[in-house]
Amino acid sequence: MFARASLILGIAVKHLAKRKRQTAVAIAGVSIGVGFFLAVSAMMIGSQNDFIERLISSAPHIIISDEIRSPRPQPAVRALAGSVVEIHGYKTRNEVRGIKDWQEIVQAANAIPGSIVAPSLSGAVTLRVGGREEPLGIIGVDPSVEEKIENVQDNMSAGSFHELETTEGGVIVTEELAQRLGVRLGDTVGATSRAGTRSLKIVGLFARGRGQFGNSGYVLLREAQSLTGQPFIINRIGVSIPDPYAAETVAADLESRFGYKAQSWQERSADFMTLLLTRNVIMYSVISAMLLVASFGIYTAVSNSVVDKRRDIAILRSIGFSQSDLQRVFVVEGLILALIGVVAGWAIGTLLMQILGSLKFPILGRVEHLPLDRSARQFIIAGASSLGAAAIAAWLPARKAARVDPVDILRGAA
Amino acid sequence: MTPLMEARALTRILPTDPPVTLVHNVDLDIIPGRFHAVIGPSGCGKSSLLYLLGLLDRPTSGSVSFRGDDMSDLDGDQRALLRLEQFGFVFQFHFLLPEFTALENVLIPIRRLGQLRGSEMADQALAMLDELGLAGQSGKTPDRMSGGERQRVAIARALANNPSIVLGDEPTGNLDSENSAHVIEIFQQIAHDQGRAVVCVTHDLTVAAAADTRIHMLDGAIERVD
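Line by line, the protein sequences give chains G and Z. Counted from 1, the first sequence has number 293 at position 293 by our numbering; the numbering is strictly sequential. Counted from 1, the second sequence has number 1085 at position 85 by our numbering; the numbering is strictly sequential.
So that you can see chain G by itself, here it is in the shape it has in the complex:
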């Protein structure tokens, strides 16, 4: 078996070595295809991973709010479960906003191994400095817990997240808001809410371009409860779990148990995720077309080899080679071309990634590099799809080689 395999390989190698130019062109086609596949996919997947990483790290994986997706069932409906009951025109009591029995939810979320749970309160105030007014959505948090589920400090350009714990009435706002109000770090602003007016001191600033913070500001939890006049109330529970990709399942479980809306990061970013999916479909379509075109080179090289070697095919048949032996010779030719092309393509791809990775892009005063995915997965996908395409491209002419009638060739050559 080994002798036969090495013989078939030897014949294929000799055929390719004889046709150096066509061999080089076919290999170049595959290697360029694989190289650009790697470069393009590294950029696309890299930017996607970077984006998802930002989504995951910039906010809790699951946010439980004091909303419910559908009204609670009326007692009559619950009592007559399974019957056809329709109630309309009823009046409901205004409920106090906030999550009831939130300690139970925190306890349930904490029961997930490795999870971190951060209760908070969000509300709205108006900031005033001189004659200028700006609305601000405040989020009251416990900084020592919140920093474990949300990457706040890394997004700050000035001050410290922990200043909230040590400064009475401390607030962190975006640089853009501070600029509109004409204030700087350490300045005091007036904050008005339905509970009254009081002073807040700016202890931190979020860097420019951090869109996720928008018009939000962070204060200490008890400060938020005091500002909004909702003592002991919680209306938001952030949950971080060890496997961020399990957030949808965990969120669904928490929502079904407690009734409050539990949104995973995937649900909150559904539009973006759909966009990424569309982008991936486009990317893989374009790159597959590149690899397909590269496989045409292999088809041409193997086809020409079959035509050139018709006499040798007849000789080998007369010696005792079977049709499948001859088919293998030409498929192996295609695979050798693809294999060398893939290895060369990996080298080209790595070089292109090095070049792309070294490019610098100044964005809002910071130097950014292209996020690139250099994982082995992309190399394997490029290699496997090239080899697969090459096998098919070589198999088509190889089938013709196997069908060559040796008698026709021998009679013609005599």
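Worth double-checking, as some hints may not be accurate.
Straight-line alpha carbon distances no greater than 27 Å define the calculated DSS-like cross-link-like pairs of lysine-lysine that follow [to be verified]: (1) Lys100/G to Lys261/G; (2) Lys1140/Z to Lys14/G; (3) Lys20/G to Lys1140/Z; (4) Lys100/G to Lys148/G; (5) Lys20/G to Lys400/G; (6) Lys148/G to Lys201/G; (7) Lys261/G to Lys148/G; (8) Lys18/G to Lys400/G; (9) Lys1140/Z to Lys18/G.
Worth flagging that the hints you see were computed from the coordinates, not collected in a lab.
Position chain Z against the provided structure of chain G, taking the given hints into account.
This is chain Z only, laid out in the frame that chain G set:
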């Protein structure tokens, strides 16, 4: 002596429009240890008969049997295996693979059969070349050898797996008289000394004169055997 191969009512008709009869109702016995020459004018069906006997072509009707077994039911792979183990072909043009050296060409059928170890394969191929006076030519490619040397390499390749029958299609047709005489001598040795059956299609009267059995063909049929 029991025939090695038997052809009975062997007919081959090309399915063209109109159909062309290449071989018509041939009965023939091939005897081991004998040198058979198939002779006749061009286009009389000599090569077509050879391809039928060599299992490269299938008859339209009639049968070919090898050692008493009918070959009609064998599929392509079984026929290929039988050719590899029992048949050796030599053609008018040497038909060596141009990219391979003499030794590598002789090794092709041995490696394909795969019944020997690596070093044994090379030893057998070298012995075969040595037997045909080509010991010093083993590393040469066909383009660096004379016509006679190439044909002897082709004979060595045909004998590589110790076949029971050697089939030659005008094996001297492209050689000068000296090389032609050498090849005839080799075929006689293969038949008489080694006990194999040899069947040669030829126009060469020298080959015909050297043969033990002459099969005269005309218009696809056997005219006479002497």
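Hint check:
Distance hint between lysine 100/G and lysine 261/G is fulfilled; the C-alpha atoms sit about 13 Å from each other, no more than 27 Å. The straight-line distance between the Cα atoms of lysine 1140/Z and lysine 14/G is roughly 15 Å, inside the 27 Å bound, and the hint therefore holds. A C-alpha spacing of about 21 Å is found between lysine 20/G and lysine 1140/Z, which places the hinted pair at or below 27 Å, so the restraint holds. Between lysine 100/G and lysine 148/G the CA atoms are separated by roughly 24 Å; this keeps the pair inside 27 Å, and the hint holds.
Restraint check: the Cα-Cα separation between lysine 20/G and lysine 400/G comes to about 23 Å, which is no more than 27 Å; the hinted pair holds. For a cut-off of 27 Å, the pair hint linking lysine 148/G to lysine 201/G stands: about 24 Å separates their Cα positions. Distance restraint check for lysine 261/G and lysine 148/G: the Cα-Cα separation of roughly 22 Å lies within the 27 Å cut-off, and the hinted pair is therefore satisfied. This hinted pair checks out: lysine 18/G and lysine 400/G have alpha carbons roughly 21 Å apart, not beyond 27 Å.
A distance of roughly 16 Å separates the Cα atoms of lysine 1140/Z and lysine 18/G; the hinted pair therefore holds under the 27 Å criterion.
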